[in-house]
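Enquirer: Here's the letter readout for the chains.
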Amino acid sequence: NAGVTQTPKFRVLKTGQSMTLLCAQDMNHEYMYWYRQDPGMGLRLIHYSVGEGTTAKGEVPDGYNVSRLKKQNFLLGLESAAPSQTSVYFCASRSAAGTSTNNEQFFGPGTRLTVL
Amino acid sequence: QKEVEQDPGPLSVPEGAIVSLNCTYSNSAFQYFMWYRQYSRKGPELLMYTYSSGNKEDGRFTAQVDKSSKYISLFIRDSQPSDSATYLCAMSEWRDDKIIFGKGTRLHILP
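These protein sequence lines are chains A and B, in that order. Count along the first sequence from 1, add 9, and you get the number used in this note's numbering. Count along the second sequence from 1, add 747, and you get the number used in this note's numbering.
Isolated chain A, as found in the complex:
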């Protein structure tokens, strides 16, 4: 099992460019999450999904869109990148609430994005 994988690992964008980050999990998890991690700010939830075809806003959703067309994939889109979106982006997945012995989230390795 690969667990949670993220594509790409690194990316440099210019202001105004668009891109899509791909997250894939092979654990048949219902829930998937996108976080950004910045120095001194910890993990901040951008968007999440509790099942195929569903999405919901997290703490910092502005400037991002997401889609969950397949259960195993969760896409994060930046339509018009800004320097403030320079960050490390982590995807995570977990079983549905109440179906596992703990609430463990499994994280991907991260995508380092720089917006110039």
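Misleading hints may appear alongside valid ones.
[Stated by the list, open to error] The list that follows gives simulated cross-link-like pairs (lysine-lysine, DSSO-like), each with its CA atoms no further than 27 Å apart:
#, chain 1, residue 1, chain 2, residue 2
1, B, Lys789, A, Lys23
2, A, Lys80, A, Lys66
3, A, Lys18, B, Lys789
4, A, Lys66, B, Lys845
5, B, Lys789, B, Lys845
[To be verified] Have a look at the derived ranges for each label pair, beta carbon to beta carbon:
#, chain 1, residue 1, chain 2, residue 2, range
6, B, Tyr798, A, Lys80, 22 to 30 Å
7, B, Glu752, A, Glu88, 33 to 41 Å
8, A, Leu31, B, Asn802, 36 to 44 Å
9, A, Asn37, B, Ser816, 37 to 45 Å
10, B, Tyr798, A, Thr24, 28 to 36 Å
11, A, Asn82, B, Glu752, 32 to 40 Å
12, B, Asp754, A, Val59, 28 to 36 Å
13, B, Arg853, A, Glu68, 16 to 24 Å
14, A, Lys79, B, Pro828, 39 to 47 Å
15, B, Glu762, A, Arg53, 31 to 39 Å
16, A, Pro70, B, Leu857, 39 to 47 Å
17, A, Glu68, B, Gly801, 28 to 36 Å
18, B, Pro828, A, Asn37, 32 to 40 Å
[What the hints assert, rightly or not] Anything over 10 Å on all C-beta distances counts as not near chain A; from chain B, calculated:
#, residue
19, Ala764
20, Phe822
21, Pro828
22, Ser829
23, Gly851
Don't read these hints as lab results, they were simulated from the structure. Just so we're clear, the structure is a prediction, and the values are computed from it rather than from any experiment. Just so it is clear, CB atoms sit at the ideal spot from N, CA and C, and this is done for glycine as well.
Knowing the structure of chain A, use the given hints to seat chain B on it.
Expert: Same frame as chain A, now just chain B:
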């Protein structure tokens, strides 16, 4: 007041020392309490979890939850240089969709 407070450190201790990491929280509905470890340039991984109050031990690691004080701790005995990482506390309510993370404490174990 933030929902979860965690001292960012950095915390530097000599090898072999006992390390104490702590978080406080404000939401009395939290039931699951977790500690994640994150090595540099890696994703976080679950280290310990506790349901409700009490202690849980796993090798050199002990997690404590005091719900009356809204305070959780992670103790590391016989600390090793390989324990150098950022430790994030995390917690959630019963059957909640989201987990709330602390900002993480950077720990350095000095050889």
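Enquirer: Which numbered conditions among the earlier hints are violated in the structure presented, ordered from lowest to highest?
Expert: When the structure is compared with the hints, numbers 10, 23 turn out to be violated.
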